[in-house]
Amino acid sequence: MEYVLIIISAVFVNNIVLTQFLGICPFIGVSNKVDTAFGMAGAVTFVMVIATMVTYILQHYVLLPLGIPFMQTVTFILVIAALVQLVEIILKKVSPALYQALGIFLPLITTNCTILGVAILAVQKDFNLIESVVFAISNALGFGLALITFSGIREQLDLADIPKSMKGVPIAFIIAGLLAMAFMGFAGIVK
Amino acid sequence: MAKKESTFLNMLVTLLLVTLASSAALGYIYEFTKGPIAIAKSAKKNMAIHKVVPEFTNLPGEEVKKVVADNDTLYLYPAKNGDQLVGVAVETFTNKGFGGPIRLMVGFLPDGTINDIAVLEHKETPGLGDKMQKSKSNFSLQFEGKNPDNFKLSVKKDGGDVDAITASTISSRAFCDAVQRAYTVFKEGGIQ
Amino acid sequence: MSNLKNFAKGFVKENPVFVLFLGLCPTLGTTSSALNGLGMGLATTFVLAMSNLVISLVASVIPDKVRIPSFIVIIASFVTIVDLLMSAYTNTPGPNGEPSLYDQLGIFIPLIVVNCIVLGRAEAFASKNSVFSSLLDGLGMGLGFAFALTLLGSVREILGSGSVFGFKFIQGDGILMFVSPPGAFLALGFLIMLMNKWKQKIV
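Residue numbers (my numbering), protein chains in the order written: chain Y, 14 to 204; chain S, -13 to 178; chain D, 5 to 207.
The set of hints was computed from the structure by calculation and includes no laboratory data.
Be a bit skeptical, because a hint or two may be false.
Here are the simulated DSSO-like cross-link-like pairs (lysine-lysine), alpha carbons at most 30 Å apart as the crow flies [as the list claims (entries may be wrong)]:
id, chain 1, residue 1, chain 2, residue 2
1, S, K82, S, K143
2, S, K30, D, K201
3, Y, K177, D, K13
4, Y, K138, S, K143
5, S, K122, S, K20
6, S, K122, D, K172
7, Y, K180, D, K13
8, Y, K138, S, K82
9, S, K37, S, K52
10, Y, K177, D, K201
11, S, K30, S, K66
12, Y, K177, D, K17
13, S, K37, S, K20
14, S, K120, D, K201
15, S, K173, Y, K106
16, Y, K46, D, K203
17, S, K20, Y, K138
On the chain S side, residues computed to face chain D include the following (Cβ under 10 Å) [what the hints assert, rightly or not]:
id, residue
18, V4
19, T5
20, K52
21, N57
22, Y61
23, K132
24, N133
25, T155
All C-beta atoms, glycine included, are put in the ideal place defined by N, C-alpha and C.
Generate the whole structure from the sequences, applying the supplied hints.
Here it is as structure tokens:
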């Protein structure tokens, strides 16, 4: 039951993109096509789950016992950067097909603030390892849901006739605002 | 100095030096800010405690009592004037809020009467649920001076004594839930 | 390029938010009021200027293959310094019990480290230019970012709460949607549109 709550809350109520404002850059940047949106969402899910697990272990078995929680930001971002490289190398060797699909998105992920954000949030919320992993998966799902919905709308939008100064990023933000408004309707379903 | 070749040794030494310098600098700043951070944190708690209980002279943060319930912790801060207990500030929470968890600081007088309530943290809808804050509406005033023994802590719709915030029954229910939790713990806590 | 140009380009011509669309997460996440926007902007400015300074000093001796990790460590160190200083000195709640600046900015302070502007400037400018012009570039870009955040924060605060920097000029609430998440997207969308319109006029 608790896991269900974490999932619903992270995917719908506190959607990481539309209400927490994390991962806006890829949300605006790679949402022109539904296909690329799927690729990005997949890559983010993959890295986010591994990163949250590794940073959880680091926080609880290295940083806290040594009494240096202030090194959190430095170690987490280094670990995430290294992890992204590692995933890229392993994926290339083990599953070329998957690498074809996700490869070009991987370098972009280091500076995707959802990864570091979720890792820090999971620590702040005092989750245990399993809860942290569930939290990471559901936030990744929330990111995917927002990104894919948004790219679907933007594909249609290409055909629309809108004022010149609204084209591109401005209209994307306004659509995102309307989408965020729709997601506000989910508030209150977790009680 | 010329740019070093990317040999394994050079890379290792560079990274080692960079991280060493970084951790040394951070360690220094950490030692330097440790005191002020602790002071700021306890001042923040004390401000909220001051708001909800009568004048006190002790350090409630030093005598805090923790009670674990529903995967979260309630904190009981006894406020004393000299040796006399003048009130207890209870930091309480609810997970039933409309937008997420709500944290309150509820001040009780020694006989259990609610003295004052301060909202510490909430994510309720602006203009509706956020009226639970004292600065936004009179909703929380109706609790003051009431003893939960003869003041039922639930909204009138549910058969209680509390006037809900218009159009925000869920937020009002959550608020009552948090206060009720504080009262239960206060009663059981038996701080003298 | 002259020093003045290095400093001034961040405000309009290469404004990180309105023109380059970088650092959008804190732009949306911390601008529910003008003061929050300014606080976030200045914190980012400190990190940008200091890391640009240090990186331009050491860039010439760092082997190419570990350039990015070294830069990340340097940036993360300055972010942690800001985090520690802010949790010590900007952590006092407001008179009516509003959360402190540190609490309001919350997770966005450690996340300065993944703000694309910071690593972007380190890579594109500081690693190739002199110490002084790198410092100016960092300061200019940072202040341009702060300017954008303060502007967006002011617009949202004026529309949403009827106040600016906490000074109220209307009774009661404003259009509350503008302080909630959808309002952030809408306000930024319309601001960028106005910028585009203005640029078309002068070209």
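Hints, one by one, checked against the model:
1. S:K82 to S:K143: Measuring from Cα to Cα gives roughly 17 Å; hence the hint holds.
2. S:K30 to D:K201: It is violated: about 46 Å lies between the C-alpha atoms, which goes past 30 Å.
3. Y:K177 to D:K13: Roughly 25 Å between the alpha carbons, so the hint for K177 of chain Y and K13 of chain D holds.
4. Y:K138 to S:K143: Measuring from Cα to Cα gives roughly 34 Å; hence the hint is violated.
5. S:K122 to S:K20: Roughly 35 Å between the alpha carbons, so the hint for K122 of chain S and K20 of chain S is violated.
6. S:K122 to D:K172: Holds - the C-alpha atoms of K172 of chain D and K122 of chain S are around 14 Å apart, at most 30 Å.
7. Y:K180 to D:K13: Holds. K180 of chain Y to K13 of chain D sits at ~24 Å (cutoff 30 Å).
8. Y:K138 to S:K82: Holds. K138 of chain Y to K82 of chain S sits at ~17 Å (cutoff 30 Å).
9. S:K37 to S:K52: Holds: K37 of chain S and K52 of chain S sit about 20 Å apart, inside 30 Å.
10. Y:K177 to D:K201: holds (8 Å)
11. S:K30 to S:K66: holds (19 Å)
12. Y:K177 to D:K17: Satisfied, since the Cα-Cα distance of roughly 20 Å is no more than 30 Å.
13. S:K37 to S:K20: Holds: K37 of chain S and K20 of chain S sit about 26 Å apart, inside 30 Å.
14. S:K120 to D:K201: violated (43 Å)
15. S:K173 to Y:K106: violated (63 Å)
16. Y:K46 to D:K203: The hint holds at about 28 Å.
17. S:K20 to Y:K138: holds (22 Å)
18. V4: Nearest chain D Cβ about 5 Å off; hint holds.
19. T5: Nearest chain D Cβ about 6 Å off; hint holds.
20. K52: Violated, about 21 Å.
21. N57: violated (21 Å)
22. Y61: violated (17 Å)
23. K132: violated (21 Å)
24. N133: violated (25 Å)
25. T155: violated (19 Å)
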